[in-house]
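Visitor: Now for the letters of each chain:
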Amino acid sequence: MTLSALILIPFFGGLLCWLSERLGAGVPRWIALISMFLVLAIGVNLWLTGDYTSIAGTGGLNWQVEEQYSWIPILGVSIHFGLDGLSLVMVLLTGLLGVVAVGCSWKEIKTNIGAFHMNLLWSLAGVLGVFLALDMMLFFFFWEMMLIPVYFLIALWGHSAHNGAVRVKAATKFFIYTQVGGLVMLVGILALVFVNFNATQQLSFDYETLLGAHKLMSSELQFALMMCFFIGFAVKLPIVPVHGWLPDAHAEAPTAGSVDLAGILLKTAGYGMLRFTLPFFPDASQEFANTAMLLGVVGIFYGAFLAFVQTDIKRLIAYTSISHMGFVLIGIYSGNLLTLQGLVIQMAAHGLCAGGLFILAGQIYERTGTRDMREMGGLWAKFTYLPPLLMFFAAALLGIPGTANFVGEFLILLGAFKVVPVITIIATASLVLAGVYSLILIHRTLFGQPASEQKYADLSLREISIVLSLALILLWVGFYPQPLLNVSVDAMTFIQQTYAPADVSVPLPIGGAASPVAP
Amino acid sequence: MNLTLESFLPLAPVVLLSLTAVLVMLAVSIKRNHCVSYWITIAGQLAALMSIFALDGFAIDRVATPVTGLILIDGYAFFYSALVIFASLVCTVFLRNFIESYGNNKEEVYMLLLIAAVGGVVLVSSSHMAGFFIGLELLSVPVYGMVAYTHERSRSLEAGVKYLILSAAASAFMLFGMALVYAQTGTMLFADLGEKFAQHGGYLAGFGVAMIVIAMCFKLSLAPFHLWTPDVYQGAPAPVGAFLATASKLAIIAILIRFLGQVPGELTSVLQPVLAVIAVISIAVGNFLALTQTNLKRMLAYSSIAHMGYLLIALIAGSSIDIESANVYLLTYVVTSLAAFGAISALSHAGNALDAEEVNHYRGLFWRHPALAVAMTFVMLSLAGIPLTAGFIGKFYIFMTGVTTTSWILLAALIIGSGLGLYYYLRVMVALYDRTNNNAEQDKSPIGGVSVAVVMFLVALVLWLGVYPQPMLEFINTLH
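Taken in order, these protein sequences are the chains called A and B.
Each residue of the first sequence is one higher than the last, beginning at 1 in the working numbering.
Each residue of the second sequence is one higher than the last, beginning at 520 in the working numbering.
Simulated from the structure, these hints should not be mistaken for laboratory data.
Treat the hints with care, since some could be wrong.
[Stated by the list, open to error] Okay, the calculated bits of chain A under chain B, using three or more residues with CB under 8 Å as the criterion:
#1 62-74
#2 136-144
#3 149-158
Built from N, CA and C at the ideal position, the CB exists for glycine as well.
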């Protein structure tokens, strides 16, 4: 029941939010907050009670909790949830950012509060479903289901500076991109299922059943199906030729929507590649790995360059996401345990860091009424708490040692160097660009001559505690990543073993105090 | 042939519907009363629907029963008959609220509707060219009258005439095609076609079959035979549009499936690439032209062209018709379309010069009629084929057909079409929640309570089929 509860709590919580709006504006907010805290608490409880290193090194699947119910037996579809270390990290991230997203909309959203929180919670329910589903049909359901609430979040509660048409356009763009990508993936899923069906006469959408299906098909077909999955996830990650929706969606989304998008929704794509693309099509993925990593490098530089020229603070952060997702892509396809483990940290760190930056951008906008960095300037003098926090997150964005981002990037680059040294060297060079855009961000907003003499209210306790909690977690993971690495090690070993069984990379010491990169 | 009561029993739905039509006529001639005509129509259709279940139409061990040589009653015939009657029943409910404010005679429209329903049932059960043609004309001719029923509106009259002419042209095509097939094979029975063709061979039958299929494409408004669709959908009163989009189309598809299933493979294999092209063109034309529509009815018309294109994939991909996919798709499409037109009907009145058909009319509907707006949201999502709605299950089956038959080009068309489709469905959907343009005058227009209730019921069905499709799929799986 635990895993169903993880999805049902936000679902029914959202419904309650909507219904309870007439009782007062505060009621939906509290319901939403309590729901997300419950999700987070369940996640933490699963972390504390589960044993995610029990089968260390054997490379098997380690489902700590598993649930299965009958759904559409005629198609071989069941409601099948499972949680391993990778899912757990994602669930924790979702719970945490869910709480944060509700918290940061406390003052920002003033219209239709109930419906807003319903959409927010339903999108989170969809995301949680994606992270837990072990049936491809169920996975696809959640994958598509989470789009609709996000669409509404952007289209109805989005940025108010333009008229509604711009928001709707951005939301529609987002929806069409991801939906088309999703349909391509659906073709891949169905083809995979039918290959399996033709060979075994068993119609099943179940993850573990389909894991062996790649042995039943020709290498061309495997490559084609892998591409179907890859395209579906690439749109959401996003990877450069298909990234067009991201900056617009972020620019128009409300703060909570941006946190949701950058922090969690993008991670569903990384998760999907790790959970499905690599284990389902190991040979084709290896064949494709170089191209994918090249795309990753292109994305890293493209995102960084475009971030540099943005004047809108939210667009800047959006483009840095594209850049960071390039690292994720390299991490995924290098396929040794170091990069995969670094990947988990990187995804979590990016979620927290981008979330924090979007929240700060939202807070600046609430006060100054602009997101244009040319009109900011000199904010350092006007706030006590906001500037150092912004500086911290900007530093985290460029991956300064001591933050989780550093650990993630470092592990990815270290691991990838053994596999693809040239690509890694090029990718490492981009860290300079990361420094540039981070500094530009700080410089343009905080320093220089103030654009106006106006005084602004400083951050409230609510706002400080939200941002500070994110910062503390970034620091904690930055200084002591071992607990997080321990959680994901079994899941990542499995992926690594299926993807590249020949490659015996340096095993990570588990549970010990030793550095994760010890020789 | 021994004509006993027993042998006519499977015809009960047809008989009951015809009787009801006569009853409505008699009732009108005794005393005009809208309410009485309406309830007779409802009761008659309910009885016809019941009779299908009373006859055990869906029993697994049911054997196909031929009646009079023209008609073959089997599980499919019952399934499609039930769908046709259900659709026309729902249209009746929509009609009542709509026609209430009509200045002229209101009662005859029910008669026309009933006759058309009879035609639909005959059509889906026919196994003989004669039954085919009789059913088709019985279905089409009353619809001319229904489309032009509100003839005070010039658009309605125009639409009626347009539909009449083009439909008649299509019928002529079909008759000629039948004549050619008969000239070659000497039989009108679908079941004998293959055997007779094998004996005689020749080209004429091929032409004949092609002409019949083209006529069907006309009726299904598949591109490039789609030109009448937007005008007729726009001009027809909204509830009639509902009938046209659902009962009429599904009956024609049912007979097309039946017919193509019996035609020898040598004849259809030539048509297959042609139909594939038609499917792709329909998907492209329907979706592209729907993009810029500001009129909801026209948009639905173009979207129906695209949907028929999707459906065609189930008929032509691979070497045989994927009947199961077609059935699932049709069922989900019919329920969704009924709800879409029902929502328009609920806000439209025959007394007004126009139906509530502009997208602008729906702007901010959520703040006036929240229930209807939420219902329309799900309808749009279902038309777009988003999970958790019936539309997704339908589309899923088409995808399955495409993948199992490895028809990659058709799948690509399906994906691109769906992407384009999202654009206009989402546009309508988000307009429902627009706060900026909330005209106060539109608030005054009354709303059909019963129609809204039926729309809600249909939307509940859409969600149920989308979330828990197992019973529906199981049921369709057992049809034979």
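Visitor: Hint by hint, which ones does this structure get wrong, listed from lowest number up?
Guide: none
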